[in-house]
Amino acid sequence: MASSSTNRILQLEGSPQAAPTEWRDALSAFASEHSTSAGILQACGEAAKDKVVAAVLQAMQPQKRADAAALSLQAAALSAAKVLLREAQGSAPLMTMEASEVYLKAAQESRDADEGFAVATAGVSCLVNLLVHEAAAPKPVVAANMLVALPRASTAPRSAAAPEPVVVAKVLVALLGGARPAPLLHNSTAAPQPVVAAKVLVALLGGARPAPLLHLAARALYRLCATRAPAAAVVREGCAPVAELVHEGCAPVAGTGDCGKTLVILVSLLAWCVRCEDPPFPQGAGVAPLATEGAGMAPLATEGAGVASLATEGAGMAPLATEGAGVASLATEVLKLLYFLASTGAVDVERAQGAAREVITVLGQALLLRLGQVLAEALLLPHDRAEAYECKLHVVNLLMHMPATYALYLSENGILPSLVRITELQLLACEFEADTFDPAVGLAPILAVLAAAAGSAAEPRRILKALIFPAETDAQWEQYQRRPAAQDEAEAKAERERRMHPADAPPGSLRARLIACLTMVESTSRRFAGELLWALCEGSAGEDELLWALCEGSAGEDEFVYRVGFGSGVGLLRTRGLLGAIAGGSAPQ
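Position 421, counted from 1, in the sequence shown is what our numbering calls 421; the numbers after and before it change by one each time, with no gaps.
To be clear, the hints were calculated from the coordinates, so they are not data collected in a lab.
A quick note: this is a predicted structure, and the numbers were derived from the prediction, not measured.
Hints may be right or wrong, so weigh each one.
Label-pair ranges, simulated between beta-carbon atoms [what the hints assert, rightly or not]:
no. : residue 1 : residue 2 : range
1   : Gln373    : Gln89     : 51 to 61 Å
2   : Gln61     : Glu424    : 41 to 51 Å
3   : Arg86     : Asp438    : 43 to 53 Å
4   : Asp435    : Pro16     : 49 to 59 Å
5   : Arg574    : Ala512    : 18 to 28 Å
6   : Ala69     : Pro403    : 54 to 64 Å
7   : Ala366    : Glu237    : 17 to 27 Å
8   : Gln373    : Arg576    : 28 to 38 Å
9   : Asp438    : Pro506    : 23 to 33 Å
For lysine to any residue, the following SDA-like pairs were computed, each having C-alpha atoms within a straight-line distance of at most 20 Å [unchecked claim]:
no. : residue 1 : residue 2
10  : Lys336    : Glu237
11  : Lys51     : Asp25
12  : Lys336    : Pro403
13  : Lys465    : Ala516
Glycine included, C-beta positions come from ideal geometry on N, C-alpha and C.
Turn these sequences into a full structure, and let the hints guide you.
As structure tokens, this is what we get:
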């Protein structure tokens, strides 16, 4: 005999004039009444369940104009779907790709209002229940959708309606690892929810999985770390033991314990992305090899790039599961994670403590070298595709936090011209896309990297100076130094006027655009552009003597003022405390 809530749904199904609030109340009652039912089909009968499923399918579709009433109805329908999905028989219409997409969109619903929170949590619950059925939509797609929703599930406020994120994580990792997921549904753990989710996502990144899944796992982990401090702490520490949650392919790297494991996985993944050959970066979307294969510092794996893409696994794939999921997208997410680790000191030997410091001292230096090789390779790849160029910009962001010795490595391997080319492109974007371009985000990082390289050693400085100030400008500078002193006031005045402007910076040239950065409003780019030009002109040598000569108008004029012009360089000179000496006309004390 059908339950009272089922009978109510059947009554409404035969009443075309039923109000949305009546449907909401009936579906909510059904979800509540059957929340602990072992089998709805047995309790209601096949015909009744088919009609309930049809009603739920219609009600859970997102409304064109979502308001509180529409969201309440959708939340009730999704709650009923969550209950129906506990048994596969009779629930096939709720297990299709289209239904999976509805659950995913619901899981991403805004949580600003109670109704939105109810929709989102019910959507995540439906995805969890969908994962445990063999007859459900293609598993990689559903798992990918679950990865999209996992950060929200992990950061949601505690609620009786919210699924346990630990359960979500365990079901997902068991599914992808080949174990039966059902027994894990009732397991519990004392670990905080974001911590467990972070551990699982790191473990997923260490497995042999299709590039689209790895891309979504990396994106989910980055979002989780950016929003929840406990998860970020776990990732920074190298991701403490996860063996109890993962399959044997994700065992800790031999000889390293857990410390450094996160870095090994991320560097290995990045290497595979950059070295992918079939198809080549950035289009590749094959299956990555296990990032933890070998003994920690074995050669980074590049095999497996030609394995069939996830996109070949059946028709009608969910767009959200595969869109933009080539190796360039994966590399970008991995670089963002590495930037997070570097900017928070996770690869800093000096900040490590105890046993962690010993491992990082041995493993970290080798990893940094290996990472440097991969970053250099990435910068040398063609960037005619937008996703490849975006990847290079994230390489630049990461280089801001790399050791000073990287500058020598980049110069010895011919990487600096690629960085200069990126600088040119970003300066063009700053000039021609001024309404949308943010210099602090798009320009300051590359200027910071070049400034650090120019100030680190003579060889990188020589290479960069030759690229920015061509050889003919050096000849002009040498000739200018040998000029005779001004003979009268008219010549001195003309000389002072000339020093206000750059000696040789044709409009549209790279050096002209860099000099223009010295007067831009955005302070970070202005600062790094000044540091770069100052280092290239070797402005740190003999400042007092050069400035005294400058004030007298003699042949010893500072190269910085000669190349940049006093008008553009006045801000930097003021910052360095050198402006008073020039303006006052007397030697610095």
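Do the hints match the structure? See the list:
For Gln373 paired with Gln89, a C-beta distance near 55 Å keeps the hint of 51 to 61 Å intact. In this structure, Gln61 and Glu424 meet the distance hint of 41 to 51 Å, their C-beta atoms being roughly 50 Å apart. Under the hint 43 to 53 Å, the C-beta atoms of Arg86 and Asp438, about 48 Å apart, fit the expected range. Checked against the hint of 49 to 59 Å, the pair Asp435 and Pro16 passes, with Cβ atoms roughly 52 Å apart.
In this structure the hint that Arg574 and Ala512 lie 18 to 28 Å apart at CB holds, the actual value being about 22 Å. Between Ala69 and Pro403 the CB atoms are about 58 Å apart, so this pair conforms to the stated range of 54 to 64 Å. In this structure the hint that Ala366 and Glu237 lie 17 to 27 Å apart at CB holds, the actual value being about 19 Å. Gln373 and Arg576 have their C-beta atoms about 37 Å apart, which keeps the hinted 28 to 38 Å range intact.
The hint said 23 to 33 Å for the Cβ distance between Asp438 and Pro506, and at roughly 27 Å that hint holds. Restraint check for Lys336 and Glu237: satisfied, since their Cα atoms lie roughly 17 Å apart, inside the 20 Å limit. Restraint check: the Cα-Cα separation between Lys51 and Asp25 comes to about 17 Å, which is no more than 20 Å; the hinted pair holds. About 18 Å separates the Cα atoms of Lys336 and Pro403, which keeps this hinted pair within 20 Å; it holds.
A threshold of 20 Å between alpha carbons decides the hint, and for Lys465 with Ala516 the separation of about 17 Å falls inside it, so the pair holds.
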